[in-house]
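Engineer: We have chain A; now place chain B onto it with these hints.
Protein chains: 2
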Amino acid sequence: MAMQSFAQQQLGQRPRVTSPVINTDGSVTFNFYDPTAQKVSVSGDFEEIRNRRLEMQKGENGVWSVTTQPLNPELYSYSISVDGQRFIDPANSYVNRDISTLSNIFIVSKEQGDKGSLYAVNDVPHGTLSRVWYDSPTLGTQRRMTVYLPPTYDGKKAFPVLYLLHGHGGDETAWGDLGRASQILDNLIAQGKAVPMIVVMPNGNPPCDAAPGWWHAGMYVPDGNAFNQLGAKASMEESFMDIVNWVDKHYKTIKKRSGRAVTGLSMGGGHTFGISYRYPQTFDYYGLQSAAGRVKRNDAQFDQQMATLFASKPKLYWIAIGKEDFLMQMNTELRQYLDEHHYPYEYYENDGGHIWRNWRIYLTLFAQKIFKD
Amino acid sequence: MAMQSFAQQQLGQRPRVTSPVINTDGSVTFNFYDPTAQKVSVSGDFEEIRNRRLEMQKGENGVWSVTTQPLNPELYSYSISVDGQRFIDPANSYVNRDISTLSNIFIVSKEQGDKGSLYAVNDVPHGTLSRVWYDSPTLGTQRRMTVYLPPTYDGKKAFPVLYLLHGHGGDETAWGDLGRASQILDNLIAQGKAVPMIVVMPNGNPPCDAAPGWWHAGMYVPDGNAFNQLGAKASMEESFMDIVNWVDKHYKTIKKRSGRAVTGLSMGGGHTFGISYRYPQTFDYYGLQSAAGRVKRNDAQFDQQMATLFASKPKLYWIAIGKEDFLMQMNTELRQYLDEHHYPYEYYENDGGHIWRNWRIYLTLFAQKIFKD
Numbered sequence: 000m001a002m003q004s005f006a007q008q009q010l011g012q013r014p015r016v017t018s019p020v021i022n023t024d025g026s027v028t029f030n031f032y033d034p035t036a037q038k039v040s041v042s043g044d045f046e047e048i049r050n051r052r053l054e055m056q057k058g059e060n061g062v063w064s065v066t067t068q069p070l071n072p073e074l075y076s077y078s079i080s081v082d083g084q085r086f087i088d089p090a091n092s093y094v095n096r097d098i099s100t101l102s103n104i105f106i107v108s109k110e111q112g113d114k115g116s117l118y119a120v121n122d123v124p125h126g127t128l129s130r131v132w133y134d135s136p137t138l139g140t141q142r143r144m145t146v147y148l149p150p151t152y153d154g155k156k157a158f159p160v161l162y163l164l165h166g167h168g169g170d171e172t173a174w175g176d177l178g179r180a181s182q183i184l185d186n187l188i189a190q191g192k193a194v195p196m197i198v199v200m201p202n203g204n205p206p207c208d209a210a211p212g213w214w215h216a217g218m219y220v221p222d223g224n225a226f227n228q229l230g231a232k233a234s235m236e237e238s239f240m241d242i243v244n245w246v247d248k249h250y251k252t253i254k255k256r257s258g259r260a261v262t263g264l265s266m267g268g269g270h271t272f273g274i275s276y277r278y279p280q281t282f283d284y285y286g287l288q289s290a291a292g293r294v295k296r297n298d299a300q301f302d303q304q305m306a307t308l309f310a311s312k313p314k315l316y317w318i319a320i321g322k323e324d325f326l327m328q329m330n331t332e333l334r335q336y337l338d339e340h341h342y343p344y345e346y347y348e349n350d351g352g353h354i355w356r357n358w359r360i361y362l363t364l365f366a367q368k369i370f371k372d
Numbered sequence: 000m001a002m003q004s005f006a007q008q009q010l011g012q013r014p015r016v017t018s019p020v021i022n023t024d025g026s027v028t029f030n031f032y033d034p035t036a037q038k039v040s041v042s043g044d045f046e047e048i049r050n051r052r053l054e055m056q057k058g059e060n061g062v063w064s065v066t067t068q069p070l071n072p073e074l075y076s077y078s079i080s081v082d083g084q085r086f087i088d089p090a091n092s093y094v095n096r097d098i099s100t101l102s103n104i105f106i107v108s109k110e111q112g113d114k115g116s117l118y119a120v121n122d123v124p125h126g127t128l129s130r131v132w133y134d135s136p137t138l139g140t141q142r143r144m145t146v147y148l149p150p151t152y153d154g155k156k157a158f159p160v161l162y163l164l165h166g167h168g169g170d171e172t173a174w175g176d177l178g179r180a181s182q183i184l185d186n187l188i189a190q191g192k193a194v195p196m197i198v199v200m201p202n203g204n205p206p207c208d209a210a211p212g213w214w215h216a217g218m219y220v221p222d223g224n225a226f227n228q229l230g231a232k233a234s235m236e237e238s239f240m241d242i243v244n245w246v247d248k249h250y251k252t253i254k255k256r257s258g259r260a261v262t263g264l265s266m267g268g269g270h271t272f273g274i275s276y277r278y279p280q281t282f283d284y285y286g287l288q289s290a291a292g293r294v295k296r297n298d299a300q301f302d303q304q305m306a307t308l309f310a311s312k313p314k315l316y317w318i319a320i321g322k323e324d325f326l327m328q329m330n331t332e333l334r335q336y337l338d339e340h341h342y343p344y345e346y347y348e349n350d351g352g353h354i355w356r357n358w359r360i361y362l363t364l365f366a367q368k369i370f371k372d
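Residue numbers (numbering that gives the first Met the number 0), protein chains in the order written: chain A, 0 to 372; chain B, 0 to 372.
Calculated directly from the structure, the hints in this document are not laboratory data. Hints are not guaranteed to be accurate.
Counterexamples of contact, computed for chain A against chain B with all Cβ distances above 12 Å [said to hold, decoys possible]:
#	residue
1	Gln141
2	Pro195
3	Pro206
4	Asp247
5	Lys254
6	Arg256
7	Tyr278
8	Pro279
9	Gln300
10	Gln303
11	Lys368
To give a feel for the contact side, a few chain B residues facing chain A, derived at Cβ under 8 Å [unchecked claim]:
#	residue
12	Ser26
13	Lys109
14	Leu308
Some, not all, of what chain B presents toward chain A, calculated at C-beta under 7 Å [said to hold, decoys possible]:
#	residue
15	Thr35
16	Lys38
17	Gln84
18	Phe86
19	Ile87
20	Ser92
21	Val123
22	His125
23	Tyr133
24	His215
Glycine residues also receive a C-beta, built at the ideal position from the N, C-alpha and C atoms.
Extracted from the complex, chain A is given alone in its bound form (with noise of 0.2 Å):
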């Protein structure tokens, strides 16, 4: 209330700009006011600009706007380059942070049950979020993840539980917000299209012991990945089993291999490969999303831990990555392995590359798989 009156104070006679308008259509209009700006754009993740920039036109009053194309229901992140620098939008509140880069996001829905839909919230049942501190034995420290609790969660009914891991860079506070997996949860349990599961996000780089403003080193802005360069006791792989202990400790889990799944993204993913044939017989579903997961050729102890893995049946092996995707040949490499082995696997591709929107779909599709039988 304070820096809101302060900030009236300041911007004197500034109009109130409403940006973004999400139209009817489905069209997006951006409005920003600036009347001694040069070139006002709009960058974002939206198909109709990809890696380009949307110029804005200067209007009367100062107020630069532009609109979109029709656009397809989705979330979608974007920001303003004012004369050359990068700015989030000063009318819209809504931000995701991505390591140290935040953006705004808005959330262009047509209908009940579309993709933008299943990210927004809605009058459904809403599970509980929870940023809680676990001790890790193995690296020594306190750290922090995030635990989603389904709607029926009271403590008495076990309910099966899915860790959910981020990729390079990000941290335990990723999917529940670039990744929108509460929302997605929520949604996907009231429609009866998932099992009502416990889900697990943790923190996937051993350096820190939380995200950044939460963690141990202050207000420090991380460099991109400056804080993996700070060296920890034990990998994520080597100390996960201190999460799956201290959960199945203090929460009302379904204490066995039916009632575990993992999944992550990017280096999540590789975190996802390794976690599965380095302990073949915790959990039934796994879930390697653009997977930075790189087989080992020639190595008789990785073929023999490939070997008990599958000889274990796990319910379901499930590989998902976007036709661009800069792991592709990675993900590809890894595949002709199992093929080689006959070790049985679903595969799954679409299209677009290494980005959230792809990541939040195979949360969608994963989530939907697990658990059932």
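Structural biologist: The following block gives chain B in isolation, referenced to the frame of chain A:
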């Protein structure tokens, strides 16, 4: 990750700028790159500048800079003005949202135990911070609130509960984000200065089910207090026992007066005042912070309610306000009424006005006064 590389593509040869830089003497340097801007300044809530701007000077590399005088330990907010337009500092991903305004934040801390350190994440046991949805039969909706569970909460031992209420325009995220409630409680509990307690931070706007972005209104950007016009079946005070009843049912609480405290700021201070005489034997500790709590003169029912409240001898009736607070007169009238009736209360007055800096201080003080006898 996708947006990060995307941003890098856009920004081209832009130099990497670090901002803010907290210098060892407690002064703070802001840096901002913009080779074409005419005038750049910083606005913030530092004592040094109050409601005026700190002009930045342009260097040869297109980076504008300014350094403050040494600042006292505190959490500060600021934004950057570029040719009259207010922006978030693009080098600082730490932001707070107040209603629909984003501001950057940073913390100055000089030594362990100072105010800055009290608001920081330290290497102490951490409580759990959860966003939970509860049913409000009185309002006929499900609603979201934030719950802090102390580090030693295990579902077996019962803990006292502090109900912590936000002001006009705030929501269930305000005390956790702007108010640093979980950091303050973690640190006070670790230092043995506060009793381990559950802290419940509800949404004090009955027309809203949740904070912006988590409510069912989608990504609507509220215009100040517009959402208070939506209407609701009952007021916050009328529906308040729904919250207490739900908390007592779902958490291991001390379900009696000596285990309950309520405090709030501004509108939430008014709610605390109303709750105090409406439910006179439900809470033992009351904290009115910069309270919008108006005495009802010539109102026999009010007089009777207040008489009942104080006849029941609550353990603490605490009133706190800053010398420059615009609600000082209202608080003076409230204290006059209490004095006239010889109703005992404690009064705390400090510098400053109707600002979060003071509310963090008041929470720190109040949390140390409750549940100790």
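Engineer: Work down the list of hints and note, for each, if the structure agrees.
Structural biologist: Hints versus structure:
Not every Cβ of chain B is farther than 12 Å from the Cβ of glutamine 141 of chain A; the closest lies at roughly 7 Å, contradicting the non-interface assignment. Non-interface call for proline 195 of chain A relative to chain B: holds, since the shortest CB-CB distance, roughly 15 Å, exceeds 12 Å. For proline 206 of chain A, the non-interface assignment is confirmed: its Cβ lies about 15 Å from the closest Cβ of chain B, beyond the 12 Å cut-off. No beta-carbon of chain B comes within 12 Å of the beta-carbon of aspartate 247 of chain A; the shortest separation is about 15 Å.
With a minimum CB-CB distance of about 17 Å to chain B, lysine 254 of chain A clears the 12 Å threshold, and the non-interface call stands. With a minimum CB-CB distance of about 26 Å to chain B, arginine 256 of chain A clears the 12 Å threshold, and the non-interface call stands. With a minimum CB-CB distance of about 26 Å to chain B, tyrosine 278 of chain A clears the 12 Å threshold, and the non-interface call stands. With a cut of 12 Å on Cβ distances, proline 279 of chain A stays outside the contact zone with chain B, its closest approach being about 29 Å.
Separation of glutamine 300 of chain A from chain B is adequate, the least Cβ-Cβ distance of about 31 Å exceeding the 12 Å criterion. With a least beta-carbon separation of about 33 Å from chain B, glutamine 303 of chain A lies farther than 12 Å from that chain, consistent with its non-interface assignment. With a cut of 12 Å on Cβ distances, lysine 368 of chain A stays outside the contact zone with chain B, its closest approach being about 25 Å. Hint status for serine 26 of chain B relative to chain A: violated, with the closest Cβ pair at about 16 Å, above 8 Å.
At its closest, the beta carbon of lysine 109 of chain B sits 13 Å from a beta carbon of chain A; the interface hint therefore is violated under the 8 Å criterion. A least Cβ separation of about 28 Å between leucine 308 of chain B and chain A goes past the 8 Å threshold, and the interface hint is therefore violated. The restraint placing threonine 35 of chain B at the interface with chain A holds, with a minimum CB-CB distance near 5 Å, inside the 7 Å limit. With a least beta-carbon distance of about 10 Å to chain A, the hint placing lysine 38 of chain B at the interface is violated under the 7 Å criterion.
Interface hint at glutamine 84 of chain B: satisfied, since its Cβ lies 5 Å from the closest Cβ of chain A, which is below the 7 Å cut-off. The criterion of a C-beta within 7 Å of any C-beta in chain A is met by phenylalanine 86 of chain B, whose closest approach is roughly 5 Å, and the hint holds. Nearest Cβ of chain A to the Cβ of isoleucine 87 of chain B: about 5 Å, under the 7 Å cut. The hint holds. Given hint, serine 92 of chain B at the interface with chain A, holds; its Cβ is 4 Å from that chain's nearest Cβ, closer than 7 Å.
Interface hint status for valine 123 of chain B: violated, as the beta-carbon distance to the closest one in chain A is roughly 9 Å, over 7 Å. About 4 Å separates the beta-carbon of histidine 125 of chain B from the nearest beta-carbon of chain A, less than 7 Å, and the hint is met. Interface hint status for tyrosine 133 of chain B: violated, as the beta-carbon distance to the closest one in chain A is roughly 10 Å, over 7 Å. Look at histidine 215 of chain B: its Cβ gets to within about 5 Å of chain A, closer than 7 Å, so that hint holds up.
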